[in-house]
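Asks: Starting from the structure of chain A, add chain B where the hints point.
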Amino acid sequence: MTTNQAGPEVRAKDRVVIRFAGDSGDGMQLTGDRFTSETATFGNDLSTLPNYPAEIRAPAGTLPGVSSFQLHFANYDILTPGDRPDVLVAMNPAALKANIGDLPHGGVLIVNTDEFTRRNLTKVGYSGNPLEDDSLEDYQVHPVAMATLTRGALEETGLSKKDAERAKNMFALGLLSWMYHRPHEGTERFLREKFAKKPDIAEANILAFRAGHAYGETTEAFAVTYEVAPARLAPGTYRQITGNTAMAYGIVAAGRTTGLPVFLGTYPITPASDILHELSRHKAFGVTTFQAEDEIAGVGAALGASFGGSLGVTTTSGPGIALKSETIGLAVALELPLLVIDVQRGGPSTGLPTKTEQADLLQAMFGRNGEAPLPIIAPRSPGDCFHAAVEAAAIAVQYRTPVIVLSDGALANGSEPWKVPDASTLESVDPQFATEPNAPDGSGEFWPYLRDTETLARPWAIPGTPGLEHRVGGLEKADGRGSISYDPDNHDRMVRLRQAKIDGIDVPDVEVHDPDGNAELLVIGWGSTYGPIEAGARRVRALGHAVATAHLRHLNPMPANLGVILSRYRTVLVPEMNLGQLALLLRGRYLVDAKSYTKVSGLPFKAEELQDVFLEYVDPDFLSSPEQADTARQEAHA
Amino acid sequence: MTTDLGMPGLALVPTTDAKQTAKDYTSDQEVRWCPGCGDYAVLAAVRQFLPTLGIKRENTMFVSGIGCSSRFPYYLNTYGMHSIHGRAPTIATGLAVSRPDLSVWVVTGDGDALSIGGNHLIHALRRNVNLKILLFNNRIYGLTKGQYSPTSEVGKVTKSTPMGSLDHPFNPISLALGAEASFVGRALDSDRKGLTEILGAAAAHRGSALVEIFQDCPIFNDGSFDLLRKPETKDQRLIPIRHGEPIRFGPAGEDGLGQYAVVQRGFGLEVVDGASFDPADIVTHDATNLELAFALSRLSDQDLDHTVTGVFRDVDRPTYDDAARAQVQQAKDADPNADLQALLHGRDTWTIA
Numbered sequence: 001m002t003t004n005q006a007g008p009e010v011r012a013k014d015r016v017v018i019r020f021a022g023d024s025g026d027g028m029q030l031t032g033d034r035f036t037s038e039t040a041t042f043g044n045d046l047s048t049l050p051n052y053p054a055e056i057r058a059p060a061g062t063l064p065g066v067s068s069f070q071l072h073f074a075n076y077d078i079l080t081p082g083d084r085p086d087v088l089v090a091m092n093p094a095a096l097k098a099n100i101g102d103l104p105h106g107g108v109l110i111v112n113t114d115e116f117t118r119r120n121l122t123k124v125g126y127s128g129n130p131l132e133d134d135s136l137e138d139y140q141v142h143p144v145a146m147a148t149l150t151r152g153a154l155e156e157t158g159l160s161k162k163d164a165e166r167a168k169n170m171f172a173l174g175l176l177s178w179m180y181h182r183p184h185e186g187t188e189r190f191l192r193e194k195f196a197k198k199p200d201i202a203e204a205n206i207l208a209f210r211a212g213h214a215y216g217e218t219t220e221a222f223a224v225t226y227e228v229a230p231a232r233l234a235p236g237t238y239r240q241i242t243g244n245t246a247m248a249y250g251i252v253a254a255g256r257t258t259g260l261p262v263f264l265g266t267y268p269i270t271p272a273s274d275i276l277h278e279l280s281r282h283k284a285f286g287v288t289t290f291q292a293e294d295e296i297a298g299v300g301a302a303l304g305a306s307f308g309g310s311l312g313v314t315t316t317s318g319p320g321i322a323l324k325s326e327t328i329g330l331a332v333a334l335e336l337p338l339l340v341i342d343v344q345r346g347g348p349s350t351g352l353p354t355k356t357e358q359a360d361l362l363q364a365m366f367g368r369n370g371e372a373p374l375p376i377i378a379p380r381s382p383g384d385c386f387h388a389a390v391e392a393a394a395i396a397v398q399y400r401t402p403v404i405v406l407s408d409g410a411l412a413n414g415s416e417p418w419k420v421p422d423a424s425t426l427e428s429v430d431p432q433f434a435t436e437p438n439a440p441d442g443s444g445e446f447w448p449y450l451r452d453t454e455t456l457a458r459p460w461a462i463p464g465t466p467g468l469e470h471r472v473g474g475l476e477k478a479d480g481r482g483s484i485s486y487d488p489d490n491h492d493r494m495v496r497l498r499q500a501k502i503d504g505i506d507v508p509d510v511e512v513h514d515p516d517g518n519a520e521l522l523v524i525g526w527g528s529t530y531g532p533i534e535a536g537a538r539r540v541r542a543l544g545h546a547v548a549t550a551h552l553r554h555l556n557p558m559p560a561n562l563g564v565i566l567s568r569y570r571t572v573l574v575p576e577m578n579l580g581q582l583a584l585l586l587r588g589r590y591l592v593d594a595k596s597y598t599k600v601s602g603l604p605f606k607a608e609e610l611q612d613v614f615l616e617y618v619d620p621d622f623l624s625s626p627e628q629a630d631t632a633r634q635e636a637h638a
Numbered sequence: 001m002t003t004d005l006g007m008p009g010l011a012l013v014p015t016t017d018a019k020q021t022a023k024d025y026t027s028d029q030e031v032r033w034c035p036g037c038g039d040y041a042v043l044a045a046v047r048q049f050l051p052t053l054g055i056k057r058e059n060t061m062f063v064s065g066i067g068c069s070s071r072f073p074y075y076l077n078t079y080g081m082h083s084i085h086g087r088a089p090t091i092a093t094g095l096a097v098s099r100p101d102l103s104v105w106v107v108t109g110d111g112d113a114l115s116i117g118g119n120h121l122i123h124a125l126r127r128n129v130n131l132k133i134l135l136f137n138n139r140i141y142g143l144t145k146g147q148y149s150p151t152s153e154v155g156k157v158t159k160s161t162p163m164g165s166l167d168h169p170f171n172p173i174s175l176a177l178g179a180e181a182s183f184v185g186r187a188l189d190s191d192r193k194g195l196t197e198i199l200g201a202a203a204a205h206r207g208s209a210l211v212e213i214f215q216d217c218p219i220f221n222d223g224s225f226d227l228l229r230k231p232e233t234k235d236q237r238l239i240p241i242r243h244g245e246p247i248r249f250g251p252a253g254e255d256g257l258g259q260y261a262v263v264q265r266g267f268g269l270e271v272v273d274g275a276s277f278d279p280a281d282i283v284t285h286d287a288t289n290l291e292l293a294f295a296l297s298r299l300s301d302q303d304l305d306h307t308v309t310g311v312f313r314d315v316d317r318p319t320y321d322d323a324a325r326a327q328v329q330q331a332k333d334a335d336p337n338a339d340l341q342a343l344l345h346g347r348d349t350w351t352i353a
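Read top to bottom, the protein sequences are chains A and B. Residue 1 is where the first sequence starts when you use the working numbering, and the numbers rise one by one after that. Residue 1 is where the second sequence starts when you use the working numbering, and the numbers rise one by one after that.
If we strip away everything but chain A, and leave its shape as in the complex, we get (with noise of 0.2 Å):
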């Protein structure tokens, strides 16, 4: 693209938020996918946060039907999509409503006049048209009739009034790329590969982004366009990644890392279906994916797998987890590896199923009958998607156990630039299957519960193994020989050696992030808060003021320098998006004092709300001068 000089003044800035929302159906999604990967090619820093209904088409013009996308991007490492938008581009009057309240003042307002009709301004409570009276007055308001352009645009090709006005979301996201001097090549070839079989409306869909751009660059309508120099990243090579495709190159990593063939065994459910659709296409891997009847049979048939000696694999979400709790407490008791991924969404029940939540967390520890203790690993990021499974795989391998690997659906469907992992380096793990008897009297037998004197893991010998036929279930077995036994002593300590191999393993200590040194407030968080606090926190130490932040990547068992950590700081703060449920395992193992500060509304924490809440513990006078903070919040928007 060519800069125009005697253009619209360039305006460089560090950091910008772009939010599009429109009617589910609009393509919202596709949008800010398209913007993110231009952004990510041009080698910005970003993380996104996509935010859609449950429904595939809610009713159109509602405001239950808005989806929308949020973008940040900027020439420095960011660690959140952004809590308000700087532009926000509304397709019609019901994104409008729902998503002004979000727009600061003065903030730019890109909408589609079009679909601002009597009938859909009434549908969604507006007793006036917003753009004709005064009550957007504080915005830099755009208004651009987006079909109407984008029919004009496409008059030649011969397409449908209906079909032509459908590129709109293209022609808008021409427009903001003209905006923000994005490459456009990207997606050009983009849509040509998505409508391959349909040239026309690929072509249609193109023509609609250039016009969007020619609009911005001809019309004059736009003083200033504005310029975000790519990021000061570490050196390396980075592409964009979402959580859950993050998950599924873990898995399939995991499975040369182990040498091991991988058995998805798995059944639908949002968010993590992605995984299911990643891996599917990955069978070149030697990966197997099964789309079972339900999530048990999904669970079932990776821990059959598993026994026969492949790295068996489940994916889920929320509900799904529930019905996983039976056979994954087989697992525990068989002592076999599986990974369990849960994707968690906002709950109880079906709950809020494309928004994020973080209350799976008791239940991933507790949730089954009995004491049935399993490994626990959560991932701080969409690419940290990757190397929590690659770790999760290796621990499950090693230890003979169930893992679980809690995402969320900020995870997995946010995207952040990656830098791409050298697949050499990635450690190896040999599964060491038994190859003959192993009985300490000498009879010849295999005792498939003789455990390894360091690991506690039991041996793996898998079917087609001659002299180790033996049988495992579900029934308490004897400690070393295997067989059914009743015995009470025996049942004590089999209880005790599943809990201490566990407890066992070895996962690296906890590190604190304190800059000044001095901090007497240490902000622990699990999880995809790790975006949030870590902002939260640098916004904090902006105005002047020391916060120690650390995060748990290992949940169970966590780190052995932890209590010490903790016991370190006078103030301990666990923010979550549950009620506090990392706050009472702290609480009921390292008898600390922890405060927790919770949301639960199927959003992320913003980097502001956690500022906030930091500096109430940090300098409880702060927050009584409204006017301090507010200058000092603009000052630092990290």
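To be clear, the hints were calculated from the coordinates, so they are not data collected in a lab. Bear in mind the structure is a predicted one, so any value in this text is a computation, not a measurement. Don't take each hint at face value.
As the list claims (entries may be wrong) - Just a few of them, taken from the derived set where beta-carbon distance is under 7 Å, the chain A residues facing chain B:
id, residue
1, 285
2, 472
3, 473
Ideal Cβ positions, reconstructed from N, Cα and C, are used throughout, including at glycine.
Replies: Frame of chain A, contents of chain B only:
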């Protein structure tokens, strides 16, 4: 080494020339069923039968759910898993798909397979996964001490139904046929010969096989199949069928065939006196004829008036596990050096120096 034993179901399972006996297939675990339990007879039959397959013992896998019959794997010296209630077909599916070199058997009961595990049973059958399901049907819950089951006759008085059970039972054969099963058979626990023959046919079949085994619970449902056992009643009731043979049963008549015969009546079948019918009108069993198999399954109502044993259905149909492995192989052939680094890299990247 695998050889074609004329048993497609075991085509990929390694064979052995070593002589194997029932003792080889007997584990060191003490069998703990109640005295007189029909499970003993089935266990003895299976221990005798398995060595005749000529496959390696270590490539034999038994998976069970929960219930009396589900203790079965503990008593066989093969690989085995005693899993959870109703879920054995799911575990067996994972094994069968990922390990074509195994002969995978599921042992289940009427409660395990038809109540809590009904969903998994029908889906395993429709998928046609290469596994053999032995459904021990004693028409009662034994391990929980005597409640009615989904195959109990209506009005059954049990601990949980003191005024009689209310719900209509499943007919497991009709259910399996409706679930698209490619192999369906039935045997009586005490009929060693008939049972062994059906086990052999099931093992030979490539795909899911459901074998219903009528079996007595002497404690909670004693004598439930006596009508099919006692000479004075079984002659009119027990109808053994064999593919390609006319369906005649009961004491031999003048032509040496059974006194009774099965003939077509409308869309269904009817039992008649064979002597009074033209042999051409007597139904010849065809295990590939789904409608016939279904009609035969409907001869047996819950009162065991006419109970068919033998192989109802045996047809070739692509198996899920073969097809799933073929897809993986196809993908591998198309991309023999699947490059993990290339996958991680993707197409759109940028570099920061």
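Asks: Take the hints in turn and mark each one as holding or not.
Replies: These are the hints, each one checked on the structure:
no., hint, in the structure
1, 285, "holds (5 Å)"
2, 472, "holds (6 Å)"
3, 473, "holds (3 Å)"
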